[in-house]
Structures are given as structure tokens and as C-alpha cells.
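Those letters in the sequence shown? Residues 1 to 76, by my numbering.
Any given hint could be a false lead.
Once the Cα atoms are required to be at most 25 Å apart in a straight line, the calculated SDA-like pairs of lysine to any residue come out as [unchecked claim]:
| no. | residue 1 | residue 2 |
| --- | --- | --- |
| 1 | K45 | T30 |
| 2 | K45 | L58 |
| 3 | K45 | Q57 |
| 4 | K45 | G63 |
| 5 | K45 | V74 |
| 6 | K45 | V31 |
Think of the hints as simulated: they come from the structure by calculation, not from any bench.
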Amino acid sequence: MVDIGGYYARPRSTQISIEDTLFYHCCSRTVRQAFIAGVDAFTGKSYEHRRGWIETQLLNLAGVFAIDVAAYAVPQ
């Protein structure tokens, strides 16, 4: 274990048990909550084209890492 700011980080191999839990909820956010898709209200610039990129990359990476994606959402 590694001490990180007062708590100990554990390796994923000790945190995940395929026998006990078949599904895991994973989420990620952008840095500084920057616009990743949708229309930026401040500049009016549209980033809608990124939704397709994100979906394609998510599904490609699922295949590479040999995992099944049960559901996903690309918020604005």
C-alpha cells in the first residue's frame, strides 16, 4: 500500500472481486469541467461532433480491455 495524503491507496487487484461483484460503475469528469460535447454557452461553439468520437473510442477500448459495457452516457 502507498500513503497518499493520509490514506492508503490499494492496488486494484485487491479492490475488485469478479466473483463477488459482476458490475462496476465507473465515471470520469473533464478537467475544470470543460465542455466536451454540446454547445458552449459562453462562446456559442458547438462540440457535438465529439460525441461520436467518444462513443467510438469507448467501445474500441472495451474490446481492447476485454470488458463489456452494459450502459454509457456522454453528457453535455
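Against the structure, the hints come out as follows:
Among the hinted pairs, K45 with T30 is consistent with the structure: their alpha-carbon atoms are about 17 Å apart, no more than 25 Å. With a CA separation close to 24 Å, the supplied pair K45 and L58 stays within the 25 Å bound. In summary, the hint linking K45 to Q57 is supported, as the alpha carbons are separated by about 23 Å, within the 25 Å threshold. Restraint check for K45 and G63: the C-alpha separation of about 32 Å exceeds 25 Å, so the hint is violated.
At roughly 18 Å between alpha-carbon atoms, K45 and V74 fall within 25 Å of each other, so this suggested pair holds. The hinted pair formed by K45 and V31 meets the criterion: a straight-line CA distance of about 18 Å does not exceed 25 Å.
Of the numbered hints stated above, the single one contradicted by the structure is hint 4.
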